[in-house]
Every structure is written in structure tokens, then in C-alpha cells.
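*Asks:* Top to bottom, those sequences are chains P and G. Residue numbering for the first sequence follows the working numbering, beginning at 1 and increasing consecutively. Residue numbering for the second sequence follows the working numbering, beginning at 1 and increasing consecutively.
Hints are computed from structural coordinates only; laboratory data are not their basis. If you're wondering where the values come from, they're calculated on a predicted model, not measured in any experiment. Wrong hints could be hidden among the right ones.
Derived PhoX-like pairs: lysine-lysine, alpha-carbon spacing no greater than 25 Å straight-line [said to hold, decoys possible]: (1) G/Lys4 <-> P/Lys101; (2) P/Lys124 <-> P/Lys200; (3) P/Lys223 <-> G/Lys124; (4) G/Lys101 <-> G/Lys146; (5) G/Lys65 <-> P/Lys101; (6) P/Lys52 <-> G/Lys101; (7) G/Lys35 <-> G/Lys47; (8) G/Lys35 <-> P/Lys106; (9) P/Lys35 <-> G/Lys106.
Here are the in silico distance ranges between beta carbons for each label pair [unchecked claim]: (10) P/Tyr123 <-> G/Pro220: 19 to 27 Å; (11) G/Gln140 <-> P/Gly188: 33 to 41 Å; (12) P/Arg231 <-> G/Glu128: 20 to 28 Å; (13) G/His266 <-> P/Ile45: 18 to 26 Å.
Just so you have them, the derived chain P footprint on chain G, three or more residues with Cβ under 8 Å [to be verified]: (14) 25 to 32; (15) 158 to 168.
For each residue, glycine too, the CB sits at the ideal point set by N, CA and C.
Residue strings, one per chain:
There are 2 protein chains.
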Amino acid sequence: MSNKPRTVFIVSDGTGITAETFSHSILAQFEAEFKFIRIPFVDSIDKALEAKSEINANASRFEEKPIIFTTLVNSDINHIISQSNGMILDMFHTFISPLEKMLGVKSTHAIGQFHQNIDTQGYKNRIEAINFSLAHDDGQSHKNLKDAAVILVGVSRSGKTPTSLYLAMQYGIKSANYPLIPDDFERGNLPHEIQQFTNKLFGLTINPMRLSEIRNERRPGSKYANLENCRYEVSEAEEMMKKVHIPTISSTHKSIEEIATTILQHIRKDSKSYY
Amino acid sequence: MSNKPRTVFIVSDGTGITAETFSHSILAQFEAEFKFIRIPFVDSIDKALEAKSEINANASRFEEKPIIFTTLVNSDINHIISQSNGMILDMFHTFISPLEKMLGVKSTHAIGQFHQNIDTQGYKNRIEAINFSLAHDDGQSHKNLKDAAVILVGVSRSGKTPTSLYLAMQYGIKSANYPLIPDDFERGNLPHEIQQFTNKLFGLTINPMRLSEIRNERRPGSKYANLENCRYEVSEAEEMMKKVHIPTISSTHKSIEEIATTILQHIRKDSKSYY
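Please model the complete structure; the sequences and the hints are all you need to start from.
*Replies:* Here you go:
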């Protein structure tokens, strides 16, 4: 019998992506290794029985019982998985029962509610925002910049592109991004095209040593990646951001998700709500 | 006193994005309207007291008590929020206690574990994959196509770009995408550059009427958007996919997340696991 790592199953009638992300987060609280197996689209009795077999086969192969996160709306399907050989953490029913009590109504128990409906305005906004962010990546276009909810500025490789795309994909936010380059620093002014949009600008900055590392991965030994040059660009960019009074965040130790959340706090009128 | 919609707070010591997505999914089970307010980065007593005040102000302004989803690792912070005037759904402690029992160890209770650490290989892979997918969007480059885990093919506007970017952003999967265009259909062959990679290809198809709608939003009244032309392109593309025996999925009624999950099932060797 093999011992480790312990297997974690995520069993869902939808994609299971949210449950999977959650299981990663919560298990990161333990100093142990886990192997994650997601079983998506378990929306029939047959698929439930198949998933149960797979879980039980795993349970008998390893010394440590698997952990099973479930988001299964249908009671019959849920019942089958709940009898698998492992520890069940039921993300759906754990919360749905107290919510039903509080709201004083039964839930619809509709499979398919749990995944994103592509006919909603929210979903259409996401697709449209992805197209917008791609068209306005790296200053490629200044057409329709007035439609952007935010325009990220910063030196090359400060994290503008992934942040723009994340804002679009997760929140349907039209985000453009514009690089600040040595030409701008010599002229001592923001790129002409974005000067009228200072109220939409958000600056990304970065530690010059980290920037040099990142640039060296792309163009080893170049002037572009040189530490002195990175120091110069970052210092000039920061000065320019200060001069035009725009909010700024350092991407040095922050994930895309954290940067996006901070930007959202600024651009939402009530600073915290969304949708 | 105003009545609806009921407010849902998401209070987290990190970004709260996972909890927010989860709360949307679970509340979609109820036929009611909700207003979501996310309060991120609640990682100090002061911020907890501030969040509690905001929640209580909401509770006294509206007839219906707010619902409060929390992911707060620190017990003192969690205790403050748990005394807010509303219904608490504690996503952290609900699951951490049974896990501690089962695993026979205490969790680290470290704030910051709950959010993505940018120094991990997984995070670096995501950023690298985003750059790869952007460079290989819409057949822009065929350099390093051998490094792609998957190459999506399909007619223009069948959903290749958002799916590629999602695979990169969520899973760190290097995904290229190549359009199938009338030139290819006339020649009766896949684009030359991808012919050697049929084992990496995954086809996206789409209902011609839906395609025509999407294209008409971009270029109203064009031949490109014309229903007959869409029928022709889709039928030719499907025939080509069949001829080269590649797996195919229709994007007509599927979200990016569902398409990505289906693709992952195909490209993962063991068809379900990942990471």
C-alpha cells in the first residue's frame, strides 16, 4: 500500500471549478501534500455510480482515505456520492439548508443554476470585455478608450496585460493598458492618447530588481533587462504617476487577483460593491 | 424602510474572489434578487470593526437581514465579524474543523495561505501561459507551437480566444488557437503550420445561426456575418475536423468554463486529474 499524497476529489454536476479553487485554498492551511482530481459534469445516476467507483478504487489503493468536496444539487446523485469511501465535505447542502430556513423558501434545486448561464448580460459583458482588453492591450489601439472602465499604465512587464485580461474575464470590466516608455519620460508627459483620461488611469509599479529578473527571462543580457535601466524606468514612471495624481499599486508581491481586487476598490463608485 | 434586494456580504482576509463566485452560484438556487458587496483584505482588528459597522448599518437600513459569507482565518477577526447583525455562513471554519479531525493535525491558520502565492511554480506557469496564449492567438505565430498543450481550431468567432485565455489564466495551460478560414476549405486541408500537430488539435464548432448573430454584432450586414456564409463555413470546418479525427465541442450553449473543462478532460492523460 502506498501512502502519500492523500487524494482530494472534487465532484460536481457543473465544472467544479469554484469548488476546486476553494479546496486548494482551504487545504493550503495544512502542511501536507494532496493530489487533486476533479470529476466534473456528474449530472446523472450513471455518472454518479462511475464517480463513486473511482473514489472507492482510490480508497482501497491508498492507506489514507480520500477527501471529497461535492457540489451536487440533485439529492439522488448526492446520496450516491455521499456513500463513497472517504470524507465528504458537502459544499452545497451545508449552506443551502440554513439559507432555505432564513429565506423561508425552498431552493429550486435546479442543476445548471450552479454554472454560469451564457445568456445572461453578465456573461455577454465578460466576452465583450475580453475582446476590448485584447484590442487595447499594450497601447495597440486608442479607439474607444472612452469606453474603458480603467486604463492601466506602467513600464513594460509590470503586470498590465494579465491584470487587464483578468478584470475582463472575471468581472466583465473593459480594461485597456498603455505602456510608459522612455520616450514618454524624455518628453516628461503621459502618452498623448491617454492624457484626456487621467480619471481612468491606474498605475502599476514594480520593484526594479524583480523587473530586471522578469525582463531577463525574455531578453537575457539586453539593455531592456539591465538593472540600471529598470531602475531608471521605474523611477521615471513613478514620478509621472505622482505628477498626474493617479492611484498606484506595486505588483512585486501581488497576484493578478490581488491587483484586480485593489483596482476594483478604486473604480467602483461605492468602492466595494460590484455587478 | 426599503425592502429588496437582500444584501449579501463577502468578507475575506484575501481577495474573497472564490467565496464571491461560490456565493453567486449557491444563491442562484433561489428565485430572489441579491445585491453583492465584497469586503476584501480584512486582515486586522481595525478592518474587521469597520466591516462590522458597514454590515450593521446595512442591517438597520433594510428590512431583510444581510447574508454574510466569510473566509477569515484569524479567530479574533472572525469573532468580530460573526457578531454582525446578519446570517453568517462561515466557509472557512465549517470545513477546517472536520479536516483537522480527519487529518489529525491543526491547520496553520496562516492568513495569506488562502490567496495565491505568486512565488509558486503554478503561478509562474499561469503568467507564462497567458503570454504564450496571447502570442499564439488567432494564428498570429506558429513559433514554438510544439510547446502548446492544446491548439484550438474553428471558424472565426467560435470561441477560441476566450477559451485559450481562460485555460492559461486558470490552469497555466499553454493554449494556441488557429482560425479555419475559407482558404483552408477551398484547399481542403488544415492550415499548413498545424498539420504536424493533429494530436494537439481540439475543434470548436458553433450553431450557424448563433455564429451569424455574433458576427453581425461586429460587422452588421457583411458577407462574413451572412447566415448562408456561416452555414457554409461551419459545415466545411466540421467536415475537416471529422476528416482529421480531432475531438470537437460545440460552444453554442456552453460557457468558457464548461468548454475549458471539457478540453481538460481530453488533454489530461488520466482524463480527470490536474496540477
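*Asks:* Of all the hints given earlier, name the ones this structure violates by number, lowest first.
*Replies:* Going through the list in order, the structure violates hint 4 alone and respects the others.
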